[in-house]
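Chemist: Each chain is listed here by its residues.
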Amino acid sequence: MRKNHLGSVGALAFILIVGALGNFLSPYDTGLLTQMLIYGVFAMSLDVLHGYTGMPSLGHAAYFGLGAYVSAICSLKLGWPFGMAAPAGIVAAAVAAALFHLLALRTSKSYYLMITLAFSQVLWSVAVSWTELTGGDNGLPGVRRPNLGSWFPWTFASTHNYFYFVLAIFVVSALALYVFVKSPFGYALRGIRENEMRMRALGYNVWAYKYVASIVSASFAAVAGEMYMYLNSFVSPSSLSVTVSAQVLMMILVGAAGTLFGPVLGAGVFVILQYVLSTYTDRWLFVIGLIYVGIALYAPQGALVFIRDKFFAPKRGSAS
Amino acid sequence: MSFWIVNTLNGLSLAMILFLLAAGLTLIFGLMHIINMAHGSFYLLGGYIAITAIRMSGNFVVGAIIAVIAIAILGTLVQRLLLAKLYKQEMPQALLTLGLLFIIADIAFFTWGGDPQLVPQPALFQGAVRIFGVVYPLYRLFLIGWGLAVAFLLWMFLERTKIGAVVRAGMDDEEMVRGLGINMPLVFTGIFALGSALAGLGGVLGGPLLGMFPGADFEVVLLAFVVVTVGGLGSIRGAFLGSLLVGLVDNFGNVWFPQLSLFTIFVPMVVVLALKPTGLLGRT
Chain W
0 MRKNHLGSVG
10 ALAFILIVGA
20 LGNFLSPYDT
30 GLLTQMLIYG
40 VFAMSLDVLH
50 GYTGMPSLGH
60 AAYFGLGAYV
70 SAICSLKLGW
80 PFGMAAPAGI
90 VAAAVAAALF
100 HLLALRTSKS
110 YYLMITLAFS
120 QVLWSVAVSW
130 TELTGGDNGL
140 PGVRRPNLGS
150 WFPWTFASTH
160 NYFYFVLAIF
170 VVSALALYVF
180 VKSPFGYALR
190 GIRENEMRMR
200 ALGYNVWAYK
210 YVASIVSASF
220 AAVAGEMYMY
230 LNSFVSPSSL
240 SVTVSAQVLM
250 MILVGAAGTL
260 FGPVLGAGVF
270 VILQYVLSTY
280 TDRWLFVIGL
290 IYVGIALYAP
300 QGALVFIRDK
310 FFAPKRGSAS
Chain F
0 MSFWIVNTLN
10 GLSLAMILFL
20 LAAGLTLIFG
30 LMHIINMAHG
40 SFYLLGGYIA
50 ITAIRMSGNF
60 VVGAIIAVIA
70 IAILGTLVQR
80 LLLAKLYKQE
90 MPQALLTLGL
100 LFIIADIAFF
110 TWGGDPQLVP
120 QPALFQGAVR
130 IFGVVYPLYR
140 LFLIGWGLAV
150 AFLLWMFLER
160 TKIGAVVRAG
170 MDDEEMVRGL
180 GINMPLVFTG
190 IFALGSALAG
200 LGGVLGGPLL
210 GMFPGADFEV
220 VLLAFVVVTV
230 GGLGSIRGAF
240 LGSLLVGLVD
250 NFGNVWFPQL
260 SLFTIFVPMV
270 VVLALKPTGL
280 LGRT
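Those protein sequence lines, which keep their order, are chains W and F.
Numbering that gives the first Met the number 0 puts the first residue of the first sequence at 0, with every later residue one more than the last.
Numbering that gives the first Met the number 0 puts the first residue of the second sequence at 0, with every later residue one more than the last.
Calculated directly from the structure, the hints in this document are not laboratory data.
Any given hint might turn out to be false.
In silico BS3-like links for lysine-lysine, alpha-carbon gap of 27 Å or less [as the list claims (entries may be wrong)]:
#1 F/Lys161 to W/Lys108
#2 F/Lys87 to F/Lys275
#3 W/Lys181 to W/Lys108
#4 F/Lys161 to W/Lys309
#5 F/Lys84 to W/Lys76
#6 W/Lys108 to F/Lys275
#7 W/Lys309 to F/Lys84
#8 F/Lys161 to F/Lys87
Just so you know, these numbers come straight off a predicted model, no measurement behind them.
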């Protein structure tokens, strides 16, 4: 109980500090903070799949990009208002995940890694080659920031206002995912990650659990993708690329897979790293590669876990 | 009729490039359970090194040999210095090779630039010949011949030699083979070097057709993944069958539905996985 209270106080403090920061920072820095929150939602969504259920996906950009594209197409080509275009993107990603996992769940770990990669790459190639719909390599520019209608007192056109919009979505998403992973359903997912055979023997319908987890994960990835698209008022095939998939995987590996807060920290570290490094060098891919090699060799449970265990809790065993 | 002949031959020549990649990928996975994301990087580096070496030596064969040997050495180093430390840890190994994919892609971009470059064709196989009533580029026929020859040699190596028998036994029960006193770490290194060299050879031979450019590494490794998923991980015959299927489907798909390019590749994969999740000839 005590620990639970501490967690809620910590989460509240985190939100207040981040919210206050948005008030003081320059528009550029607020933009960075917004990115951190968006990637935070994205990383948490992948963590449901990778960290909690043990399904290593290397194609999570598929849902991120699909949500962004569908929402952009609905508002640009069909003229739908935000209140319809945004849900449309999420539904599209959920449906795509539902269809894809009818097939993908027939495969196990290594195959799943490859098949998710192939799936995202297929969507990428469609986005590049279906120029009439997607604008091809040029992407779709000019999507207006969310507008909730005349009854709502604020618009989100300015960077600061949009930041608070993203912060609100972030809080709602984090709460929803927290409830999800702390529910009996979430514990069953952890059971599947640890020992699928045993869960099956206990009478759990493992397939259905994985199926639902993948759809939930895809939906929140689409939420993140849409927020990212509205941040830049732009979507291009690069949002579906393997680089994006690899980056979000890196965020949860830097944080700690199987916790919700770890990936958010990972997303923050990632955005700062990208910002700092881009001012000194354009060898960004090289750095990502080195981080991957380092994590694989020294800290497969997560770089932050590694640092904590190494420097802050020398007597304790590994986190569990 | 000539449409069918030309496109079938085109599909077959692509299939042979894919086989060179998929054979290494499937051997490495079958024996060591490593999903080698960096396999396409070996292909890319093989092609780039061949371009430079051929330019400097003025001879295709010399350049090709230099490139393949360089990639074999690189593969040996990667396996010995990095992957051997993560013995039997499937996810960390995949992540490590993903990191290598990025690192090598960046180094290649830095060294050879962003413009697409073709590996020069060997002088002996330039021009075209008349075959089955159509005029067809000689180099592509040469490529098909090479692919078949490599497939045959690999099959002979695995099925008819003692080392091949060790490799096959290692795929089934590695600990038992170790127990028999066979130096498995050495076999691992050898097979990883062989697989890398085959990917490098794929880059050298495929380079005159497909060219080398940033992103080519990922493009081919993805096709090779589809091949081994269709054919079944760990099976050379499966890799061969999968290469033929994917090469032909990709080629005809590109001709008939150019808008859907990669999507057409996905179709055979969906069908095979729906019917047999371990691939056509996969080990279970």
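Chemist: Checking against the hints above, which ones are violated?
Modeler: Failing hints, ascending: 1, 4 and 5.
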